[in-house]
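**Student:** Chain by chain, the residues run as shown.
Protein chains: 2
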Amino acid sequence: MPAIKPKPKAFIFDIFGTIVDWRSGVATVCEHHFKQKNIELCPHTFADAWRAKYQPAMEKIRSGNRGYFALDILHRENLDQLLAEHELTNSFSETEKQELNKAWEKLPPWSDSVEGLSELKKVAIIAPCSNGSISLMTRLAKFGNLPWDCILGAEIANNYKPNAEVYLKSVAAIGLNPDEVVMVAAHNSDLDAARDCGLQTAFIPRSTEHGKGQQIDLEPTSEWDYIISTIGALAAH
Amino acid sequence: MPAIKPKPKAFIFDIFGTIVDWRSGVATVCEHHFKQKNIELCPHTFADAWRAKYQPAMEKIRSGNRGYFALDILHRENLDQLLAEHELTNSFSETEKQELNKAWEKLPPWSDSVEGLSELKKVAIIAPCSNGSISLMTRLAKFGNLPWDCILGAEIANNYKPNAEVYLKSVAAIGLNPDEVVMVAAHNSDLDAARDCGLQTAFIPRSTEHGKGQQIDLEPTSEWDYIISTIGALAAH
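Same order as they appear, the protein sequences are chains A and B. Position 25 (the first sequence) corresponds to 25 in the numbering used here; numbering is contiguous. Position 132 (the second sequence) corresponds to 1132 in the numbering used here; numbering is contiguous.
In case anyone wonders, no lab produced these hints; they're calculated from the structure. Heads up, a few of these hints could be off.
In silico DSS-like pairs for lysine-lysine, Cα to Cα no more than 25 Å straight-line [unchecked claim]: (1) B:Lys1009 x A:Lys97; (2) B:Lys1007 x A:Lys102; (3) A:Lys169 x A:Lys122; (4) B:Lys1007 x B:Lys1121.
Sequences are here, hints too, so could you generate the full structure?
**Tutor:** Now the structure itself:
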């Protein structure tokens, strides 16, 4: 019989895909800039290509081949690469490239996120445990009215998920034991890593994170502690 | 003529004394515990004595003679010393000592703090830049409804104010330049250190922080950028 787990005192959240719709948000900002320049690129394809460079960029840091740089810097490096691949390097000024990079600060929350977090905040500590920096998480919270109690995640550990340090240092920073904290994510792999660190887990499917033809993370791939369809459902538990 | 300073994009705050009334808060919790044990100690004198051990404890870390330990741990060490000085070490169980130490998580905000911060949050990033840990700041915010955007301060730098790193790493963590950020404090020495780092400064006198006979920080001792009587006045500027 599995051990009874303690009542959660905190819920920590993956952000990109779990709380906010990064693909629509990035595409909206890119579309605006592309139109101004008469660039005929699909903004959603561009957003997907930008995001595709995310894991390889972090892997250099996770593997120890590069020191910690905040995600804002990795996003900008990836943007520069992507523009070069499309021969668009000279199509944007430095200021415009900075504006494009701020697309990641303007991502719409999923429709249930703000209300659900607000409910949950009444009964527990809520915080991002994202690969985004404190700066990025702060601005994203202001953009989308996400009512965090504090900001945890990559910058607390100077490393990137799914490295164990990110979960463990985030939990330690709020003075709790791992089994008192629930990691909430739309990605099974994130929960796998969190469970290995002793955290409780909650899976919420986000079936259009990658657009209409999404193939991954449509279902839980393990027996997570909670499987929910809205963030608010966690407060009801 | 002095250079014109940029419009502030963030306000970062000293907490103990500036936003919350630590002396009343600590005394309230101590009084409750002392009464249960029939201990005839003045809780305000006890709070003052506990606080008096604060600077020496941090100084060991600032001077490099000790690695970084969160303030929660220093508070507990100081409590243990203080109880020993009063021959009360065995009067409290370990659980009761932990409860006493949590007094620092239950400090009432000054009457203008919550409303002023809520106003300011509409126009800028607001965050603690305190010597308190992320855990302590998070719990204090929940206790007093302090609506922070994120939590900065000692734990971001693994050092203690007035060490420059605490101000500079706090500012860097929100992606701003020092002159885009205002340090708000009821302590002239805190503002001195922040100004040396290039931050803008705001002084708010809290004339009863140390009780009725307070002698220090009743007036600004320098030409700070803002001198205010309520937190809300910053939003009006």
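**Student:** Go through the numbered hints given earlier and state which of them the structure violates, listing their numbers in rising order.
**Tutor:** The structure conflicts with no hint, since it agrees with every one listed earlier.
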